[in-house]
Structures are given as structure tokens and as C-alpha cells.
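K.L.:
So the sequence lines, in the order shown, correspond to chains A and B. Its first residue numbered 1, the first sequence is counted upward by one per residue in UniProt numbering. Its first residue numbered 1, the second sequence is counted upward by one per residue in UniProt numbering.
In short, the hints are calculated from the structure, not lab data. Mixed in with the good hints, there may be bad ones.
[Claimed, not checked] 25 Å max Cα-Cα, derived SDA-like pairs, lysine to any residue:
{"hint": "1", "chain 1": "A", "residue 1": "Lys83", "chain 2": "B", "residue 2": "Arg175"}
{"hint": "2", "chain 1": "A", "residue 1": "Lys83", "chain 2": "A", "residue 2": "Asp11"}
{"hint": "3", "chain 1": "A", "residue 1": "Lys83", "chain 2": "B", "residue 2": "Arg176"}
{"hint": "4", "chain 1": "A", "residue 1": "Lys83", "chain 2": "A", "residue 2": "Gly69"}
{"hint": "5", "chain 1": "A", "residue 1": "Lys83", "chain 2": "A", "residue 2": "Glu31"}
[To be verified] Listing some non-contacts, in silico: residues in chain B with all C-beta distances to chain A over 10 Å:
{"hint": "6", "residue": "Val27"}
{"hint": "7", "residue": "Glu47"}
{"hint": "8", "residue": "Gln63"}
{"hint": "9", "residue": "Ala232"}
Just so you know, even glycine gets a beta-carbon here, dropped at the ideal spot from N, CA and C.
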Amino acid sequence: MGRERVKGHLDLLILSVLRQGAAHGYEVIAELRRRSEGEFDLPEGTVYPALHRLEREGLLASDWATLEGRRRRIYRLTAPGEKALAEQSRQWHRFAASMSSVLGTA
Amino acid sequence: MDLIDTYLDDLAARLRVGPARSRRFLVEAEEHLRDTVAREVAAGAAEPDAERVAIERFGTVRQVARAANGPVLARLTPLALGGAQLAAVGSATVLAGTLLSRLVAAVTSTTATFGFPHDTVASASQVAHWLAVQPGAADWPAAAASENAADTLVLRGGFALLCLLASLGVLWLLRRRTSAPADGVVPAIGMTAFGGAAAFLLLAGFTDSRTPFEWGRGLLLSDASVALVVAAAYAVVLLRRVQTPDVAPAPR
């Protein structure tokens with residue numbers, strides 16, 4: 001899948017990964033790759049700015065923690081983040097259903 | 001120094017997000033890169049190869065810096081917001097100076113407030129013009145002062161009001177895009193510009209001089225007073241910014 005297309009939905013993808021629980025950046029990226037079976041292969045460094053922006057918007061919160069001897073920034077979904085995730089998921093499903101209908105694959 | 005260090009140095013040089021955000025981004029980037037290297041080495045790769053793989057997956061310096069810095073428009077918006085704030089305060093200052101000079105004229109006199117310096121020599125055409133537009137005036141200095149008073153209120157005051165409304169409109173539009181102007185820039189410029197203007201106007205007022213922009217001792221001193229108050233307010237804001245940094249350091 002084109003990188004530009006994935007970037008347009010990066011916020012939704014990140015929020016969706018973090019719905020499963022708090023995670024640091026490396027885990028978020030690994031989980032994105034695992035769930036998409038390698039399709040969503042963005043430059044890993046471009047995911048951190050999205051994490052930071054979502055935090056500034058109040059959709060994520062983060063804290064430093066030490067895991068396996070390494071200092072990590074752990075991100076978690078906030079209540080507004082959960083709300084945004086529900087809304088963006090709903091919009092995406094509606095859009096996907098409409099696309100499928102038009103393409104004749106519904 | 002290994003490949004990761006070199007990569008991070010290049011990245012640091014390209015980040016335009018302020019010191020606190022840069023530092024945090026670089027810390028996370030290094031953790032991520034070292035993590036990838038450790039995993040690749042554990043999987044049997046040689047250290048230099050593992051570093052190359054980690055960097056390749058992370059993205060080129062250009063790609064990552066562009067993503068971190070955000071769109072150019074978004075980076076310019078805080079500066080534009082600062083400019084609009086200064087324009088609004090400047091317009092409000094000119095408007096306040098205009099109204100204060102009218103008050104000073106009511107307490108003293110129109111000639112004392114808006115009159116030419118004593119040593120002014122007017123041409124015959126100027127004298128004829130002032131006496132024509134101010135027929136009730138006793139002499140040409142009184143006519144010139146009345147005309148200056150009228151122009152100050154209508155032209156200068158009206159223009160300042162229009163600029164203030166336009167600046168507030170721009171501020172309202174920009175506020176929807178960003179919440180804060182560039183750190184410390186606005187108070188620093190405000191203090192310098194309004195402080196400089198106040199000093200200039202005070203000097204002109206006390207020496208009863210004619211400036212390229214305006215004349216009349218009362219008007220000059222009124223404008224100087226308002227500019228001085230605004231400069232002092234900006235100085236207080238700047239001092240508070242310096243004493244209380246916006247961003248707390250990350251815990252260790």
C-alpha cells in the first residue's frame with residue numbers, strides 16, 4: 001500500500017494499536033507492521049512525530065519508564081483519544097463500505 | 001562515534017521544533033535505533049550491518065526531519081500570530097494615544113497639545129490652507145493646531161481603529177490554527193519597539209520638536225506615555241518567561 005495513503009490514516013492506526021494497552025514507540029511500530037502483515041511499512045522515524053502530535057492534541061498521554069534496562073516513553077490512550085478513535089473508526093468503516101459498494105465488491 | 005551517532009547529529013541539525021521537543025525526539029530516536037541494532041545483532045548480524053539496517057528502517061534524515069518539523073505553514077503560523085499580536089497592540093496603542101491627547105487638550109488647550117513648535121516657519125500657502133479649513137481660529141498657529149487635532153482624531157484614530165479590527169480578525173483566524181506565538185519573540189520585540197518609540201517621543205515632546213510623523217507637545221507626550229506603559233507590560237511578560245521556562249525538562 002502507498003506510504004502516502006498510510007500516512008493519511010496514521011492517527012487512526014496509532015490510536016487503534018494503543019487501544020490494546022500502553023506501549024512505547026518501538027512496540028507501536030512493530031504492532032502496526034505485524035497487524036498489517038508488512039503492508040504498512042512506513043519509515044519508523046516518521047511515527048514518532050505523529051505520537052507527539054497526538055499527545056499535544058490530548059489524545060495520548062505519555063511517561064518515561066525504565067523497561068529491560070532502557071529508558072522508554074510509554075504512550076497510552078486518553079479518554080478524548082478513545083472518543084476520537086471511536087469516531088474515526090466509524091467514519092473509516094462508512095467510507096470503506098461506500099468504496100466497496102461503488103467498486104462492486106460489497 | 002558510530003553510524004547511529006552520526007545519523008542523530010545530522011538529524012539534530014535539521015530539527016526545527018525547539019530545544020525541548022528536539023531533545024525528546026532525539027532521545028526516543030536513539031532508543032529506537034539502539035533497540036533495532038540490539039535485535040539485529042541478536043539475530044546474528046554484524047554490528048555495522050545492524051546499524052545500517054536500523055537507520056534504513058528509521059528513514060532518511062530528510063524524511064524524518066520533515067515529519068518532525070511538520071508543514072512549513074504550521075511552522076510559520078506562530079510567527080504570523082506574533083506579528084498579528086504586535087500589530088493589534090500597536091494599533092491599540094496609537095488609538096489610546098489619540099484619545100489621551102484629546103483628554104490632555106481638554107484639560108490644557110488645543111494649541112498646547114497639538115500646536116507646532118514655537119520656532120516653526122510656515123509657508124504662505126500653508127497658512128492660507130489652515131485659516132481656510134479652520135475659519136474660527138484667531139491666528140494661523142491656532143488654526144494649524146485645530147487642524148492637527150482634527151486630523152489626529154479622524155485620520156490617525158480612524159486608521160488605528162481599522163488596523164486594530166483587521167489585526168483582531170487575523171488573530172481570530174490564526175488562533176484556530178495554533179494556540180501560542182513563538183516563545184519569547186513577541187514580548188522581546190514589543191518591549192524593544194515600544195520602548196524605543198516611547199524614548200523617541202519623550203525626547204521630541206520635551207524638546208518641543210517636530211517629528212516626521214506628528215507634532216504637538218501634548219500629543220507627543222500622550223503617545224510616549226502609552227508606549228511606555230505598553231513597553232513596561234511587555235518587559236514584565238518577558239521577565240516572567242525568562243524566569244519560568246515553558247517546558248519542564250524530562251525526568252531522568
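K.L.:
Now tell me, hint by hint, if it's right for this structure.
P.N.:
Against the structure, the hints:
1. Lys83(A) to Arg175(B): holds (24 Å)
2. Lys83(A) to Asp11(A): holds (13 Å)
3. Lys83(A) to Arg176(B): holds (21 Å)
4. Lys83(A) to Gly69(A): violated (34 Å)
5. Lys83(A) to Glu31(A): holds (21 Å)
6. Val27: violated (8 Å)
7. Glu47: Glu47(B) is indeed farther than 10 Å from all Cβ atoms of chain A, at 18 Å.
8. Gln63: violated (5 Å)
9. Ala232: Non-interface label on Ala232(B) holds, nearest chain A Cβ at 33 Å vs cutoff 10 Å.
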